[in-house]
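Line by line, the protein sequences give chains X and L. Residue numbers for the first sequence follow the working numbering, so the first one is 1 and each next one is one higher. Residue numbers for the second sequence follow the working numbering, so the first one is 1 and each next one is one higher.
Simulated from the structure, these hints should not be mistaken for laboratory data. Careful, some of the hints might be misleading.
Stated by the list, open to error - Straight-line distance between alpha carbons at most 25 Å, and here's what the computed SDA-like set of lysine to any residue pairs gives:
id, chain 1, residue 1, chain 2, residue 2
1, L, K514, X, A5
2, L, K479, L, Y442
3, L, K8, X, A5
4, L, K479, L, S457
5, L, K479, X, D507
To be verified - Some chain L residues judged to face chain X by a derived CB distance under 10 Å, without partners named:
id, residue
6, I6
7, S284
8, L301
9, R456
10, S457
11, E503
12, T504
13, E534
14, E551
By construction, the Cβ of each residue, glycine as well, lies at the ideal position given by its N, Cα and C atoms.
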Amino acid sequence: MEGIAFLLFAAAFAYGVAHLFNVPVIPALLVTGIVLAVSDTLPVELLEDTLVLGTTMLLFVAGMELNPKRTRAQRDAAIKVGTFQFFALAAVGLLSALALGYALVHAAYMALALTASSTLVVLRLLQRRGQLFEPFGRLVLGVLLLQDLFVLLLIPLVMDIPQGPGALLINVVAMAAMVGLATLVFRYAAPWMEQFDQEEEILLLLLLAVLFVFVGMSDFLGLPLITGAFLAGVALSRFPLSGMARTHLGSISEFFSALFFIALGALIGIPSALELVHALALTLVVVLVTPPLVTVITERAGMSSRAAIESGLLLAQTSEISLVLGLLGLIAGQITETVFTVIAIVTLLTMLLTPWMTTYRVADWLMRHRPSGVTPQRRSVDRDRPRSGHVLVLGSGSTGMPILETLLASGADILVIDDDPVVIDRLRDAEISCMRGDASDPELLREAGADRARIITSTIRRPRDNQRLLEVARGVPTLVRVFDEDDADWIRELGGTPILASHAAADEVLRWFDRTFSSGA
Amino acid sequence: MTDYLILKNLGYILVAAAAAVLLLRLVRVPTIVAYMAAGLLLGPVTGLLTVSDSVHLLSEVGIALLLFLVGLELSLDHIRGVGRVAVIGGTVQIALTALTGWALAAIFGLPTAEAVVVALAVTFSSTVVVVKMLGQKGHLDALYGRIAVGMLLVQDVAVVMALTLFAGLGGVSAHGDDGETDDAAAAGADTLGGSAGQDLTEAGAATELARGDMGSADSAARVADSIATAADTVATAADAAATGASDLVIAVATAFGGMAGLAIAAALAARFVLPRVFGWVLSSPNTVFIWSLAWCFVFILAAELMHLSVELGAFIAGVSLAQLHYAEVLRRRVQPIVNFFLAVFFVSLGLQMRPAAALEHWPLVLAMCAAVLLIKPAIVLATVPRLGYAARPAFLASITLAQMSEFSFILAALAAGSGMLREEILSVITVAGFITIGISAYLISGNEKLYDAAERSGLLRLFRATGTPEEAGEDTELKDHIVIVGMNTLGRRLARLFTERGETVLVVDSDAGKLDDLEGDTLLGTVDDLSVLEEAGYERARLVISTLHIEDANSLLAYRCVQAGVPVSIHAFDTSLIDELRRIGVDHLIVSKHAGARLIARRLREEGVLD
Numbered sequence: 001m002e003g004i005a006f007l008l009f010a011a012a013f014a015y016g017v018a019h020l021f022n023v024p025v026i027p028a029l030l031v032t033g034i035v036l037a038v039s040d041t042l043p044v045e046l047l048e049d050t051l052v053l054g055t056t057m058l059l060f061v062a063g064m065e066l067n068p069k070r071t072r073a074q075r076d077a078a079i080k081v082g083t084f085q086f087f088a089l090a091a092v093g094l095l096s097a098l099a100l101g102y103a104l105v106h107a108a109y110m111a112l113a114l115t116a117s118s119t120l121v122v123l124r125l126l127q128r129r130g131q132l133f134e135p136f137g138r139l140v141l142g143v144l145l146l147q148d149l150f151v152l153l154l155i156p157l158v159m160d161i162p163q164g165p166g167a168l169l170i171n172v173v174a175m176a177a178m179v180g181l182a183t184l185v186f187r188y189a190a191p192w193m194e195q196f197d198q199e200e201e202i203l204l205l206l207l208l209a210v211l212f213v214f215v216g217m218s219d220f221l222g223l224p225l226i227t228g229a230f231l232a233g234v235a236l237s238r239f240p241l242s243g244m245a246r247t248h249l250g251s252i253s254e255f256f257s258a259l260f261f262i263a264l265g266a267l268i269g270i271p272s273a274l275e276l277v278h279a280l281a282l283t284l285v286v287v288l289v290t291p292p293l294v295t296v297i298t299e300r301a302g303m304s305s306r307a308a309i310e311s312g313l314l315l316a317q318t319s320e321i322s323l324v325l326g327l328l329g330l331i332a333g334q335i336t337e338t339v340f341t342v343i344a345i346v347t348l349l350t351m352l353l354t355p356w357m358t359t360y361r362v363a364d365w366l367m368r369h370r371p372s373g374v375t376p377q378r379r380s381v382d383r384d385r386p387r388s389g390h391v392l393v394l395g396s397g398s399t400g401m402p403i404l405e406t407l408l409a410s411g412a413d414i415l416v417i418d419d420d421p422v423v424i425d426r427l428r429d430a431e432i433s434c435m436r437g438d439a440s441d442p443e444l445l446r447e448a449g450a451d452r453a454r455i456i457t458s459t460i461r462r463p464r465d466n467q468r469l470l471e472v473a474r475g476v477p478t479l480v481r482v483f484d485e486d487d488a489d490w491i492r493e494l495g496g497t498p499i500l501a502s503h504a505a506a507d508e509v510l511r512w513f514d515r516t517f518s519s520g521a
Numbered sequence: 001m002t003d004y005l006i007l008k009n010l011g012y013i014l015v016a017a018a019a020a021v022l023l024l025r026l027v028r029v030p031t032i033v034a035y036m037a038a039g040l041l042l043g044p045v046t047g048l049l050t051v052s053d054s055v056h057l058l059s060e061v062g063i064a065l066l067l068f069l070v071g072l073e074l075s076l077d078h079i080r081g082v083g084r085v086a087v088i089g090g091t092v093q094i095a096l097t098a099l100t101g102w103a104l105a106a107i108f109g110l111p112t113a114e115a116v117v118v119a120l121a122v123t124f125s126s127t128v129v130v131v132k133m134l135g136q137k138g139h140l141d142a143l144y145g146r147i148a149v150g151m152l153l154v155q156d157v158a159v160v161m162a163l164t165l166f167a168g169l170g171g172v173s174a175h176g177d178d179g180e181t182d183d184a185a186a187a188g189a190d191t192l193g194g195s196a197g198q199d200l201t202e203a204g205a206a207t208e209l210a211r212g213d214m215g216s217a218d219s220a221a222r223v224a225d226s227i228a229t230a231a232d233t234v235a236t237a238a239d240a241a242a243t244g245a246s247d248l249v250i251a252v253a254t255a256f257g258g259m260a261g262l263a264i265a266a267a268l269a270a271r272f273v274l275p276r277v278f279g280w281v282l283s284s285p286n287t288v289f290i291w292s293l294a295w296c297f298v299f300i301l302a303a304e305l306m307h308l309s310v311e312l313g314a315f316i317a318g319v320s321l322a323q324l325h326y327a328e329v330l331r332r333r334v335q336p337i338v339n340f341f342l343a344v345f346f347v348s349l350g351l352q353m354r355p356a357a358a359l360e361h362w363p364l365v366l367a368m369c370a371a372v373l374l375i376k377p378a379i380v381l382a383t384v385p386r387l388g389y390a391a392r393p394a395f396l397a398s399i400t401l402a403q404m405s406e407f408s409f410i411l412a413a414l415a416a417g418s419g420m421l422r423e424e425i426l427s428v429i430t431v432a433g434f435i436t437i438g439i440s441a442y443l444i445s446g447n448e449k450l451y452d453a454a455e456r457s458g459l460l461r462l463f464r465a466t467g468t469p470e471e472a473g474e475d476t477e478l479k480d481h482i483v484i485v486g487m488n489t490l491g492r493r494l495a496r497l498f499t500e501r502g503e504t505v506l507v508v509d510s511d512a513g514k515l516d517d518l519e520g521d522t523l524l525g526t527v528d529d530l531s532v533l534e535e536a537g538y539e540r541a542r543l544v545i546s547t548l549h550i551e552d553a554n555s556l557l558a559y560r561c562v563q564a565g566v567p568v569s570i571h572a573f574d575t576s577l578i579d580e581l582r583r584i585g586v587d588h589l590i591v592s593k594h595a596g597a598r599l600i601a602r603r604l605r606e607e608g609v610l611d
């Protein structure tokens, strides 16, 4: 009891610190654990149990969140970006680790640990900033998903390298069997379990039973337990079961993973100077290699450079899965404590850096200072004709169509700016003059004659991106679509005319309600 | 470095539990019995598993968290209007049932210490079983349900006191060297029963008083004070009763003093510290969750330091948090963890059961079952109508309470641990508990048929309970209302527009701050949680609207509404969501972006900028 209590107090402290300084909670938990280890008060058995249970729950939930639907339209781009990023970073990581003097197996572990980015950290950031549904948010989610999949498929292989090709083959067969089992559960058992929505206790028990059956199976087949835990999660990731499960498993996994990261921190202990130097070097690799790498491929995949830069910055950290990987290697005796410590410190540092690196300011600075001419993207259809007195439409997308239709019907002179290459292609096919680029780019705005337009409409995703527009287009009537009242006030202050989509939508709901319900009643 | 023993143990336990629950629910066996059966199967029958230290720790945490949860629920308005019957009826029930148990044990010639344990074991009914069974029937808010839950809460307070007492006695027995100490302890405990009951009434009354101003921390303070007074009286009584055993006095006094200290600390914290501290992290639900668990463990440790039971500390921590206005949210988050740990606990209980030992004492097992299944309901049925209730709710409530409690096991285990109870009597108690909980589950599910049979046979007249019609339960259930989930600009606008039309609107949000300034019915919670939806009465609603910007929550809400045949309108905040929501079968989609664009288009036309 005392042991659990101490772990929990430490976790409570870390959550408070994370909340106070607005940093992700995982590094806060790790640091607290490291400090706690110095006092050496925690019983070893409890730490071991916590690590084992925490790993299992963490991977189980990670598997359950693995929903390919999330990526939607960005799936192909995500596969392209994810695959390239994974192997490129793995290669760079491997070379760096070898250069630091590590043996091949150790270097392989480190390389694999560097490739994965943290789903927990990134998902929370995207959620908090409401960017999950922007194309780049979807892309990043797709990449994260792919990384998890790659790492978890590769872990058993890396762990069996010393045993030679025969063991590898057996492993592949065992893995195929597990994936087959997961498919069966996904197809048949998951839909059957939905009937227990009303009986939360039974549902919870069934979910956990599936988890432990998978864990037992993977143990039986000689695979690492996390493979079983992860695949159990994947097998249960089917809608609506995954949603029902989230409520029940949420608290349990939060509890165990909080204790897990504390215990893991305690395992790291105080790093030596050499470990710190190596960790710093690899941190630099992650922070300096990932963003440009991802930016370049993402732009190639057709995203705007702004989205590409933000994707790169978001993915520049290592993952909780990296920690699990290190832990497994350590337990299996394949890596030394030094290797484990270096992996853990890299994760700690990169996770701490992420919130800062992904701020608007950094992305903005990179936008302005990126080497020009990498990918020419601002191509107006008719650059030669100087624009004035036109209607400037920002962000037509699929949601601005009513505006375009109205304008086209009236025969007005219009120019559209959008950052989505697909939209631009479609507009070009329809011979509507358009430019591709970021609506918050003042240069582009001036080029589009924002300051000389008759009227401007903006339906871009992020309300705050209208700031530059409103600065450039001072004096030009500007209709800006917003959802929140706060944003509306802000737009008004800057001289624009906010159009509250939420109020418009509420009116539409009422009209629908009257049509549907009032006639009968 | 590690042997994954904990995973293997948990794996056996959870898989067996799941299998047992699935199989046994076909014959309507409640989950608790299924868990114990699974434990029985794993342990005594097949010998696959023994209770390891880790599993023992997990089940201990489970019981602590269960009491934390019970504490958290203490300010629920389930006991609305039934304070008097709960306190008076509950106290009478406790006293008479304990007396019956005592007499029974005496007849079977058990020594005093064991008689006390047996008496207490038959007295308490299971909050978990009752709340679960009534919840399944949707009868928690029925009059009899509220009476039963009210009496259970009074029992819970008594359980806590009994636990404290046992903790004190356990402390003595640990360094007591002969049987005399035990007898003295039992004598002390016996005398304590009476005076504790009196003060308990006060504690209950304070709870009832507090009912009115649930929001304030006063209630906690008052309950705490009464408990403290009770503790003091009991300590004095103990003083008088056990003059010969000064060790015992000191131990019991320390126990009750410690309990009073904890209760006062909790009350002060609930009033001055917790609202501010938790208010600061309110925007981070996970922090609130981890902090509340940490708070629970602060009291667990404090209780351990003062040689009190872990359960008691957890309970007091729960009560102190129950006074916060988002206790309900916290309760919903703690529930799954409790479910998990409790499953482990009940399976391990089955693991430890020694049915063979109990078989040797089968007459005692039968007698205990009879006391719990027949005499306890009879006592309730004789008491409740005299407090102004009709025969029907009295009968149903009495049936509801006819089982032994998980606390009976805990008390017995505590007593066995401190040497007051022979192992075989512990087995007797667990087996009797197993049987009564199993039978009671059937009784509760068929309780209305039983009532009809009892009325026809004239059995009720024996108790002079008349068949006057049940008081018309005030119908506070929302019906034909409009549920609006998510208080963003859209949600607020909709709430206002619908309210202006004269519709009944219930708004739901997970952020207490967003509900503060709203008039009308509000509900705090996340709609991912089915129980929140049920509390919102979504099945009876005219329309459910979600304005949330959360894909998963919206999809799940849409799915559940479609399943229940409730009209539902969902915010498709991104156009990529439209297809999936349509596939789920949503009646109406709110595509706010399109609405905004249409408004812009209209403006462009209206203002004539386009000529």
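Results of checking the hints against the structure:
no.	hint	result
1	L:K514 / X:A5	violated, 33 Å
2	L:K479 / L:Y442	violated, 31 Å
3	L:K8 / X:A5	holds, 24 Å
4	L:K479 / L:S457	violated, 38 Å
5	L:K479 / X:D507	holds, 24 Å
6	I6	holds, 5 Å
7	S284	holds, 5 Å
8	L301	holds, 5 Å
9	R456	violated, 33 Å
10	S457	violated, 35 Å
11	E503	holds, 9 Å
12	T504	violated, 13 Å
13	E534	holds, 9 Å
14	E551	holds, 7 Å
Checked against the numbered hints listed earlier, the structure breaks hints 1, 2, 4, 9, 10 and 12; every other hint is satisfied.
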